[in-house]
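*Asks:* Full structure from sequences and hints, please.
Chains as they are written, first to last, in numbering that gives the first Met the number 0: chain G, 0 to 275; chain P, 0 to 287; chain V, 0 to 333.
Treat the hints as calculated values from the structure; they're not laboratory data. One should not assume that every hint holds.
Simulated pairs of lysine-lysine, DSBU-like, Cα-Cα distance not exceeding 30 Å [as the list claims (entries may be wrong)]:
id: 1; chain 1: V; residue 1: 248; chain 2: V; residue 2: 183
id: 2; chain 1: G; residue 1: 181; chain 2: V; residue 2: 181
id: 3; chain 1: V; residue 1: 93; chain 2: G; residue 2: 181
id: 4; chain 1: V; residue 1: 103; chain 2: V; residue 2: 93
id: 5; chain 1: G; residue 1: 105; chain 2: V; residue 2: 93
id: 6; chain 1: P; residue 1: 283; chain 2: G; residue 2: 115
id: 7; chain 1: G; residue 1: 9; chain 2: P; residue 2: 95
id: 8; chain 1: P; residue 1: 283; chain 2: G; residue 2: 105
Predicted model, so just to flag it, every value in this text is computed and none were measured.
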Amino acid sequence: MARAVTSQRKALNTVVAWSIGLLIFFPILWTILTSFKSEAEAIANPPVFMFFDWTLENYSVVLERSNYMRFLTNSVIIAGGSTLLGVLIAVPAAWSMAFVPSRRTKDILLWMLSTKMLPAVGVLYPIYLLCIRLGVLDNRAALVVILMLINLPIIVWMLYTYFREIPGEILEAARMDGATLKDEILYVLTPMAIPGIASTLLLNFILAWNEAFWTLNLTSVDAAPLTAFIASYSSPEGLFFAKLSAASTMAIAPILILGWFSQKQLVRGLTFGAVK
Amino acid sequence: MATQHSRSAARIMMAPAVFLLLVWMLVPLCMTLWFSFRNYLPLRGGDLGFAGFNNFTRFVSSSAFWPSVLTTLIIVGGVLLISIVFGVLLAILLDKPMWGQGIVRILVIAPFFVMPTVSALVWKNMFMDPVNGVLAHLWRFFGADPLVWLQDASVFSIILIVSWQWLPFATLILLTAIQSLDSEQLEAAEIDGATPLARFFFISLPHLSRAITIVVLIQTIFVLAVFAEIFVTTGGAFGTRTLTYLIYQRVLESQNIGLGSAGGVYAIILANIVAIFLMRIVGKNLDN
Amino acid sequence: MGRIQLKQVKKAFGDVVVIPPLDLEIVDGEFVVFVGPSGCGKSTLLRLIAGLEDTTSGVIEIDGEDATALPPAKRRLAMVFQSYALYPHMTVRKNIAFPLRMAKMDQAEQDRRIEAAAKALNLTDYLHRRPGQLSGGQRQRVAIGRAIVREPAAFLFDEPLSNLDAALRVGMRMEISELHKKLKTTMVYVTHDQVEAMTMADKIVVLQAGVIEQVGSPLDLYHTPRNKFVAGFIGSPRMNLVEGTEAAKHNATTIGVRPEHIDISTTEGLWQGTVGVAEHLGSDTFLHVHGVPGCDPVTVRIAGDVALNHGDTVHLTPRADQIHKFDAQGLRIS
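*Replies:* Next comes the structure, spelled out in structure tokens:
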């Protein structure tokens, strides 16, 4: 039983925590605010905080100029495709490891984890070369596959930890009730694991969305997602703060919203179940 | 505990994932190893034959190598220090009763979801710009000369940007760990006469030690591989060239594949040393 | 329809033999209870019959057909699990319908069977609920409902009552017994609770370390336990096992006397002792008597209430015709 806390104590906690929280959040807030300013107000000295002429002009300029929709589409396809493909491959694998564990299960899981630890830069050229040879440089399908492979260990691990929480007796009951393996996975396991599968989809969508090594190095025009779109603002457009802010806001807003839903899963997913 | 039938089914269902990851790991790894022993310059005649350990020695003896190792260590160490120290403090603070706890948590975690290129660019231009950046305004407000952050304090700036992204991660994990601490333990310690400080050092901190270790290991692996933040801000200039960035430059900018691949092998070995420790912790956790 | 025969069935996990080769016949329509301490292999034996585990060697026949290699679904058996194993995302109706749906039975027949089962188990009002909204006893009934709609050759129960509280357990015990009387289908029931075994079984199989110690009707086991283990396991409170000189008088290594078969007197008797703990239940009194050579304490059961308490000196006399004798191997001497 927690004891009652004096409201002075609570007020102090609140003030300190909110100050720090706002400080950490400030760059994002500032970016969002700036995206609604005119370029002049964006670099005004002293800076204006809230009291300026709110305008949507930057958004329309960015949308017009840089073919934002193509980058967005690429991001959605690459992040969404790689995540869906990964889950389709990972569900059967996680089922096997969670419900039919063998002596090698632990080793396989750890080995999968170890592939995630491989530094991307160490295999940059081979992948780059393979993409050229196969004619899939700057190709969305290739990025879907590559990002799927990058995140597959995390997807398998997350699903595995979720599946392990489902009692095996329920699957055995289904087997006794005449369910085939397909029925068992389709009608019993999957519906029960929906929250876990949803969290896995969500977190891996976010990770794929923000992935910035392969997407920067393996795309140029056709397949370039939002990471590359933003990187192209590096200069000289980057000096136009308001437009940079509008572009940034559009790139992070969808994921920020999804991300807030996935806080809890984030811990489990990124610590491989070691912290719950 | 299962039947032969389900065991063979399990093997079949595991096969695609295992096969794909095996290919994904082995093929590029073998190619990198192969290239690291070749004199391979695509723009200057292609594969010019076997190079022995030449690439490995040249990579290490190049004037850029040791500075890049030092930079890497400073950046990884700096980010770890900031995110662990502030992460523990923040996690403890967020665990305390307050109004609007949920919202504060959302504010704190938000930077983790920001695309690396966005965070690098926003920091570079809107905060660290020596003329119009928010920090420049702030410096001038206090009567100081604005810093040219990415030149004069380049490594610190990178640490700041990367820490801003990873502090939320550390905080979130440490907060989760704190919340799993049995409050009866703390109450028992209080009854045994432990002061708040003693309770923190003898109960809370040991309880957090595993979570801290995990944060250290995971962040080390990710921060070792930091790329976009440097690519967008300094492009490796002003002493911010990390090992990862050096390899990237050797491979894609100067197109010296042999040399870059040898660097890649070093990076893989380095990451594996960290990974072994992480896997041992995770593996222990699997047993129960 | 529901005769199960195990012939030389053996189960080993790696090098660990859980069940050494074992023979057992379960007659059609019988209520058989596997009983034994935890870890004795009784659940494993049930899972072997169900097909959830492979037999290492030996043959399992169901109605004369070799079912050893059949998957669980093909064995025409239904199972009720300890955790009930209800599908949490399905309503009660869908749970009960699941095996029928898997068998691709037509909808009208499905509905007929579900209604009938729901009525028999008092679940009609709960068909639209999910398992999470039900009490423990109701969940148990849903699990049974899911088993009976299939009209299986035999029912398998794996400690089905151990998650219920004591009062509910007695009620469910009766319900399952009545169900058996009504359906006359073979039931194989696993429990570690000898009271459940005694009250429900037609035939009890006592297991220890994967070995069948004795097979027989409840009263067979009570009156003529084949060895010391069965003697100690069946009956509550446990049989007193006396060793040493008292046993030697009967030409045995150990003699056993049930607490209810000891006469007590404050003045004279064969053994003298002091009352340690006295448990007054009203209907019965259990006395734990110290000081009898070869067995400490000796438990005595007296019908009704008696005015004996801690520290009183008592004299005990086992009834001569109710003394069980065991040899050095622990086997019964008849």
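*Asks:* Evaluate each hint against the coordinates.
*Replies:* These are the hints, each one checked on the structure:
{"no.": "1", "hint": "248(V) x 183(V)", "verdict": "48 Å, violated"}
{"no.": "2", "hint": "181(G) x 181(V)", "verdict": "36 Å, violated"}
{"no.": "3", "hint": "93(V) x 181(G)", "verdict": "18 Å, holds"}
{"no.": "4", "hint": "103(V) x 93(V)", "verdict": "14 Å, holds"}
{"no.": "5", "hint": "105(G) x 93(V)", "verdict": "36 Å, violated"}
{"no.": "6", "hint": "283(P) x 115(G)", "verdict": "19 Å, holds"}
{"no.": "7", "hint": "9(G) x 95(P)", "verdict": "8 Å, holds"}
{"no.": "8", "hint": "283(P) x 105(G)", "verdict": "10 Å, holds"}
When held up to the earlier numbered hints, the structure conflicts with 1, 2, 5 and fits the remainder.
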